[in-house]
Structures are given as C-alpha cells and as structure tokens.
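Engineer: Work from the hints to combine the two standalone chains into their complex.
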Amino acid sequence: MKCAEVRKFVRLYLDSELDAKHSFEVEQHLESCAECAGLFEAEKKFDERLGRFLRHGQMTRPFWKKIEALVAPRPFAKAKILWPLALAASLVIAAGTVLVARSRPLDLANAVEECHSAYVHQITTPEFSGAVPTKIAQQFGGRLDTAAFNYRPSEPGFTSSGARLCHVGGVPVALILGHCAETPVSMIVFRKSELDHFPQTKRKLESGDPIACSRSGRYQFAARFIDDHVVCIVGDRPRPVLEDLLKTLRRADG
Amino acid sequence: MDREEQRDRFLSLLRPIERGLENYSRRMVFDRRDSEDALQNAVLRAFRAFDRYHDDASFRAWMFKILTNEIFAINRKRGRVAEFEIAVEPEEMEEFAGLEFASEMPISWETLADALDEELVTALQSLNDSERAVLLMRAIGDLRYREISECLGIPLGSVMGNLSRARQKMRDAILRARKRSLL
Numbered sequence: 001m002k003c004a005e006v007r008k009f010v011r012l013y014l015d016s017e018l019d020a021k022h023s024f025e026v027e028q029h030l031e032s033c034a035e036c037a038g039l040f041e042a043e044k045k046f047d048e049r050l051g052r053f054l055r056h057g058q059m060t061r062p063f064w065k066k067i068e069a070l071v072a073p074r075p076f077a078k079a080k081i082l083w084p085l086a087l088a089a090s091l092v093i094a095a096g097t098v099l100v101a102r103s104r105p106l107d108l109a110n111a112v113e114e115c116h117s118a119y120v121h122q123i124t125t126p127e128f129s130g131a132v133p134t135k136i137a138q139q140f141g142g143r144l145d146t147a148a149f150n151y152r153p154s155e156p157g158f159t160s161s162g163a164r165l166c167h168v169g170g171v172p173v174a175l176i177l178g179h180c181a182e183t184p185v186s187m188i189v190f191r192k193s194e195l196d197h198f199p200q201t202k203r204k205l206e207s208g209d210p211i212a213c214s215r216s217g218r219y220q221f222a223a224r225f226i227d228d229h230v231v232c233i234v235g236d237r238p239r240p241v242l243e244d245l246l247k248t249l250r251r252a253d254g
Numbered sequence: 001m002d003r004e005e006q007r008d009r010f011l012s013l014l015r016p017i018e019r020g021l022e023n024y025s026r027r028m029v030f031d032r033r034d035s036e037d038a039l040q041n042a043v044l045r046a047f048r049a050f051d052r053y054h055d056d057a058s059f060r061a062w063m064f065k066i067l068t069n070e071i072f073a074i075n076r077k078r079g080r081v082a083e084f085e086i087a088v089e090p091e092e093m094e095e096f097a098g099l100e101f102a103s104e105m106p107i108s109w110e111t112l113a114d115a116l117d118e119e120l121v122t123a124l125q126s127l128n129d130s131e132r133a134v135l136l137m138r139a140i141g142d143l144r145y146r147e148i149s150e151c152l153g154i155p156l157g158s159v160m161g162n163l164s165r166a167r168q169k170m171r172d173a174i175l176r177a178r179k180r181s182l183l
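Here the protein sequences line up with chains A and B, keeping their order.
In terms of the working numbering, the first sequence opens at residue 1 and continues consecutively.
In terms of the working numbering, the second sequence opens at residue 1 and continues consecutively.
These are calculated hints, taken from the structure and not from any lab test.
Be aware that a few hints might be false.
What the hints assert, rightly or not - Dumping the calculated PhoX-like pairs for lysine-lysine here, alpha-carbon to alpha-carbon at most 25 angstroms:
1) B:LYS169 / A:LYS8
2) A:LYS202 / A:LYS247
3) A:LYS45 / B:LYS179
4) A:LYS44 / A:LYS2
5) A:LYS135 / A:LYS65
6) A:LYS192 / A:LYS135
7) A:LYS247 / A:LYS204
8) A:LYS44 / B:LYS169
9) A:LYS44 / B:LYS77
10) A:LYS45 / A:LYS8
11) A:LYS192 / A:LYS202
12) A:LYS192 / A:LYS204
13) A:LYS45 / B:LYS169
14) A:LYS2 / A:LYS45
15) A:LYS8 / A:LYS44
Extracted from the complex, chain B is given alone in its bound form (with noise of 0.2 angstroms):
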C-alpha cells in the first residue's frame, strides 16, 4: 500500500468516528481550550503510527486509547494527574453488575429537560478521571468493557467498578433534578 492508499484508508476510517473524538476529548480535557491540540496530536500520531496498525484491531478503541494518552499528557501538564482506581476483585464485581435504583427513575424524562441537563453537566464534573473515561468511551465511544480496559490499562474489573460509579453518579444527578422538578 502505497502512501497516498495508506493516507485513504486512515481517513476512511477516522471520519466515521471524528464527532466521538471531539465529543470524548472536549469532555476529557482539564482545560477545554486544550481539547482541539489533542485531537490534533492525537491523529498525528496515529496516522504516524498506521503502518503499525493490523485489521483485526478496533481502529475506534486504537484511536480513543492514543486520544486519551493524549488528553492525560496535556492534563498533567496543567497539574491535573489521572487517577484510576484498583482493580476490583473478581467477588466484588456482582456489585457493580447489578442495578441498585432503577425502580426510582423518572417515567416521563422531557419534564426534566432543562433541570436534567444541568444537574448531569455538574455531575459529570464530579467524576473522577478513570470514572469520566470509562463511562465516555462506553457511551461515546461504544468501546466494549475489554476494549476501555486495554485502551486505559486497568483492569477489567476496574472498568466494571468505574463504569457502574460513573452510572450511579449519573443516576444521583437525575433524581436531584426529578426532585427539582417536583418542588
């Protein structure tokens, strides 16, 4: 394959997912204005790095796991580091399978709409690194459990146990804005 097939097929590939890079980075980056130089980084070196990659890889969670090396560095260098948490033992991981509140969700959403929106921007800003990336590579990124575990280098038991936080967290901020929209 010659440069300029290799240059199409790159493209082919990365024009499918650009609004879940954009999407995943804006809501990653510590600093927002830092979002476009790592999408920009980030594509840079995964074109570079393209005659290394093979078919039978996701080239989604190939690019999401340089994107979110990516996003960590500039982090870092505005004094913010990744936390992740351990792994999570295999006995533990049926707390984080199951559903802890689901009969409390609201029947009718669009009641919530503005409330919602508002209490989910803050609770999403609540979550703590591994728990953000974890929850927008499963909800952007559509990245299987296996995937956001080699993309980030944690455990899947860890990708389990940050994903079903994340959720809770997500599911707090909704019954804040249900509770809102009753007063």
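Bound-form chain A, shown alone (with noise of 0.2 angstroms):
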C-alpha cells in the first residue's frame, strides 16, 4: 500500500471501520513509513483529545436515580407507596403503646396499694398521733424526718386517725391514716430523694405533671412533690378528689 492510499484509509482505521485485510496493510505501512507514521500519530492525538473534550462531564447520580426509579420501583420505592399505611400503624402502636403505659399503674402506686390496703382491712392502724416520739424517730436512719408527719390537707373532707413508720419498698415512709367522706384513705409522704426507688414515678412528676396519677387495684393514687418531700395520696375515691386533697395540703409546722 502506497501513501497517498494509507492516508486515504488512516481515518477509517483510527475508527476500527476497516476490514482486516486493510487494516494489516495499513499497520504495515505505518511501521516502514515515518511521514505516515507521523500523521497517523498525530491524528490519533487528536481523537484523544476532542474525545476527552466531548465526554467531558460529570454524571448527575441523583437525576439517574430518579430515572431508575421510574423504571424499577425498589422496595423502599414501595415502601414509600405504603407510607400512610405504615404511619397508621405506628399511630396505632404508639397510641397502644399510650393506653397500656397509661392503664399500667405506677411502681409508686403499686408500692403503696398494699400499705393502704391493711389499713383498709385493719391489719395496720395508726401508732400516734401529734408530735412523732423519739423511739420511732430514731428508727429514721436518717432517711426520713419528722416534717414528713406533719401533713394534713386543709380540705374539711378529711380526718386524720393517726400515722406510723411504715415502709414501702424499703424506703422509710410516713403513713398518715385517715378518712374522706368515711372512705379509708392513706397519705404516704417520704424525701424527695428516696424517689429513685420508683423511677416510673420519679419520670412522671420529673417531665412537669404536677400531679401524677395511676390506679392500683381498686384503688385511686395521686402524689406530688411538696418541699423536699414526694406526698401521695390513695383510697378509694375519685382521682380529682384526690387530687384536690393534695392541692390543700399544708404542713402544721410550715
């Protein structure tokens, strides 16, 4: 092949259009002639170069994806279609979730329903009433003071029969025994800092409710803090009696 006949063919070749035939008599060509040689080196130059320049271009991924999406809906791309349906149902958890949270009582409210329930049968009555006296205050251990007995709700509804040392849970507690309209009704009053023992209640009182209410048993359960001091009150009466009671406590020495 002459010269004038390979650079006719050159072009064809750098795009891979030529029969073997031809593209072997090129290839020989190239290899004796260096003025070919050079023009086929050049051009081949050119190729890279306007070929780096035209693909040139970042993919944009996010409008592929979108693409792809249309063609071949993914499995989150059906999720996504079911996503009413999943928020339902995750009301529907959540809001059960609510009711068996709201409907479980209190560790506080359990803690004390059995407390309240003696003095209801008559098993517990009170040991004094008035001032505490020195042989139980020294059974305090410190984690309890004689301020504790000193709550009474100003509501006339209620009559105190006395208090006692008790414990709930471990926790040295006082009991103040008594009755609102003729109904048995307990007052549970212990420090503030014994309240990690019922961490249900603790978060409860802890995330604003100024009264946190449950129901153990039969019986109705309310508490708050007052001072240093968590107060609660159970019985078998209304909740908003109950609640009513603690918003009139006072303290006889306060």
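Structural biologist: See below:
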C-alpha cells in the first residue's frame, strides 16, 4: 500500500471501520513510513483530545437515581407508596403503647397499694397522733424527718386518725391514716431523695406534671412534690377528689 | 422473563452508558434545560419497548437512537428543525476518508488548554445537527458507522461525510487555538 492510499484509509483505520486485510496493510505501511506514522500519531492525539473534550462532564447521579426509580421501583420505593399505611400502623402502635403505659399502674402506686390495703382491712393501725415519738424518730436512720408526718389536707372533708412509720419498697415513709367521706384514705410521705426507688413516678413528676395519677387495684392514687418531700394519697375515692386533697396540703409546722 | 427480571436486565445494560447518554443529550439539545426531559422520556420509552429489543442488537446504539429521536422532537418544539445532509455518493467517499491537514496539528496539546476548550466549544456549536449528532455518537457513544446510519436513518455515506466535516471544523478550532497561543 502506498502513502496516498494509506492516508485515504487511516481515518477509517482509527475508527476501526477497516476490514482485517486493509488494516494489516495500513499497519505494515505505518511501520515502514515515518512520515505517514507521524500523521497517524497526530490524528490519534487529535482523537484523544477531542474525545476527552466531548466526554467531559459529570454524571448527575440524583437525576439517574430518579429515572431508575421510575423504571424499577425498588423495595424502599414500594415502602414509600405504603407510607400512609405504615404511618397509620405506627400511630396505632404508639397509641396502644401510651394506653398500655397509662393503664399500667405507676411503680409507687403499686408499692403503696399493699400498705393502704392493710389499713383498709385494719391490719395496720395508727401508732401515734401529734408529734412523732422519739422512739420512732430514732428508727428513721437518717432517711426520713419528722416534718414528713406534719402534712394534712386543709380540705374539711379529710379527717386524720393518726400516723405510723412504715416502709414502702424499702423506703421509710410517714403513713398518715385518715378518712375522706368515711372512706379510708392513706397519705404516704417520704423524702424526695428516695424517689430513685420509683423511677416511673420520678419520670412522671419530673416531666412537669404537677400531680402524677395512677390506679392500682381498686384504689386511686395521686402524688406530688411538696418542698423536699413526695406526698401521695391513695384511696377508693374519685381521682379528682384525691387531687383536690393534694392541692390543699399544708404542713402543720410550715 | 418476568417483569422484575426484565427491569434488572434493562438497568444493567443502561447503567454503563448513562454518562455517555447524558453527555450526548446535553450537547445535542437546543436548550440545555431540555436535556433531562429528553433523557427521561428516552429511558422510559426504551423500557416500555424493551420486550421488543433483541439480544443481537446493540443496546448502546438502540438507546442512542431513541434518545436522538427524543432530542430532535424536543428541538423541533423549540423551533429548531434537524437538518441532515444528503447522502454522499460512493465515489465521493474517498474525500472524506483521507487526512486533510494532520501535519499542521500541534505537538504539545497541554500548552493550548484554555484556548483550546474555548475554541472547541465554539466549533461544536457551529456544527449543524447532523454533523454534531454523528460526531457525538462516534466520540461519546462509540457507535460504528453502520449503527449511526441506522440511528439517524441516513445512508452510510452521509455518516462519513458528516463525520469528516465535523472533525474538520474541530481541527480548525484547534488551529485557531494554536494561533491564539502563539500571539
């Protein structure tokens, strides 16, 4: 193949459009002709540079992801379609959880139920009225104070029959026994620092609720902070009645 | 093959050429904002017709053909009608197969960098639709002459003629850049 012929075919050769026979002849000529080989190299570089320029440009990935999603909805895309259903299911579960949580008695309510039940069934009776006897005060072990025994509702419906030292869940408490509309009602008072023993109630009271209410067995329960004490009232009375009693609490020495 | 398998196969063929399709579309649309519309329409159209696609056909060429049709349809709406050169007669093909000016090409391309890109952009914009389509299908799509001919529905001679003219215009751009860099 002569130079003129090779130059006619070299562009086709570079584009891989020449058949095997002509390709071989072009290659043979380029090996023996420096001038044609130079032209070939220059054209090859031109191709490379032009190709680099034309192919330059970043792929827009988010755009292709969008297109691919239109072509082939993936499992998560299906999930997106079902999101209202998933949301509804989540709400039902969440509501159920809240209801269950609400219907489940607070830990402190559970703990004081036994105490109050013993009072209702006259198993537990008052030990004293008025000032705390020294003998009893000596049993506080530094975990309770006499002031805990001085709380009384100013509500005229409440009458106290006395108090006694008791332990609820291992915590020493002042148990003030009384009646409200002839129904036994117990007041349990202990130091705020002991509330760690009742984490549910602690969370509830520290979440901003002024009064934590619950139900344990047949008794209603309500609790609140007063100064550095936790004061609970439990009894077979409507919850608002117990809440009113709590709201009107006064400390005799205060 | 069920629908899911068909999607997987379609995407496995599409992914390797997504970048090339995007580049081609950007450089072919009259208004660059139309590029994504053209691509999306083309891909969805191709997927709908995928059951008629045969293994022995080049998926790359098939996709470029569909995309080109979308681009031309969009460009027509923009008032730009695609113009194709008439077929080149067989005896004229020699003219387009040869090298007209390779001896004048620069030795060091790096020294031209900025000026070169600028000139190449201008030159690319100066190409007519058929020249640009053929050049881009060859350079970006790596399509064979025959495939380009089928994509655009033009004779093989026209592919070679358009490609030769397009390359010549790009070479001229390189020469201009070279002259600018020597000033």
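Engineer: It remains to establish, for every hint, whether it holds in the given structure.
Structural biologist: Verification of the hints:
The suggested pairing of B:LYS169 with A:LYS8 holds, with an alpha-carbon distance near 19 angstroms, which does not exceed 25 angstroms. Between A:LYS202 and A:LYS247, the direct Cα distance comes to roughly 19 angstroms. Compliance with the 25 angstroms bound is thereby established for this hinted pair. Proposed proximity of A:LYS45 and B:LYS179 is supported: the alpha carbons are some 18 angstroms apart, at most 25 angstroms. Between the alpha carbons of A:LYS44 and A:LYS2 the distance comes to roughly 20 angstroms, so the proposed pair stays at or under 25 angstroms and holds.
Under the criterion of a C-alpha separation no larger than 25 angstroms, the hint pairing A:LYS135 with A:LYS65 is inconsistent with the structure, at around 80 angstroms. Between A:LYS192 and A:LYS135 the alpha-carbon distance is near 23 angstroms, which keeps this suggested pair within the 25 angstroms criterion. Note on A:LYS247 and A:LYS204: the hinted pairing holds, with a Cα-Cα distance of about 17 angstroms set against a maximum of 25 angstroms. Only pairs whose Cα atoms come within 25 angstroms are accepted, and A:LYS44 paired with B:LYS169 is accepted, the gap being roughly 16 angstroms.
For the suggested pair A:LYS44 and B:LYS77, the alpha carbons sit about 38 angstroms apart, so the restraint of at most 25 angstroms is broken. Between A:LYS45 and A:LYS8 the alpha-carbon distance is near 18 angstroms, which keeps this suggested pair within the 25 angstroms criterion. For the hint linking A:LYS192 to A:LYS202, the alpha-carbon distance of about 9 angstroms falls within 25 angstroms, and the restraint holds. For the proposed pair A:LYS192 and A:LYS204, the alpha carbon gap of about 13 angstroms is at most 25 angstroms, so the pair holds.
The straight-line distance between the Cα atoms of A:LYS45 and B:LYS169 is roughly 16 angstroms, inside the 25 angstroms bound, and the hint therefore holds. With a C-alpha separation of about 23 angstroms, the suggested pair A:LYS2 and A:LYS45 falls inside the 25 angstroms cut-off, and the hint holds. Taking the CA atoms of A:LYS8 and A:LYS44, the gap is about 15 angstroms. The hint holds against a cut of 25 angstroms.
Hint violations for this structure: numbers 5 and 9, all remaining hints satisfied.
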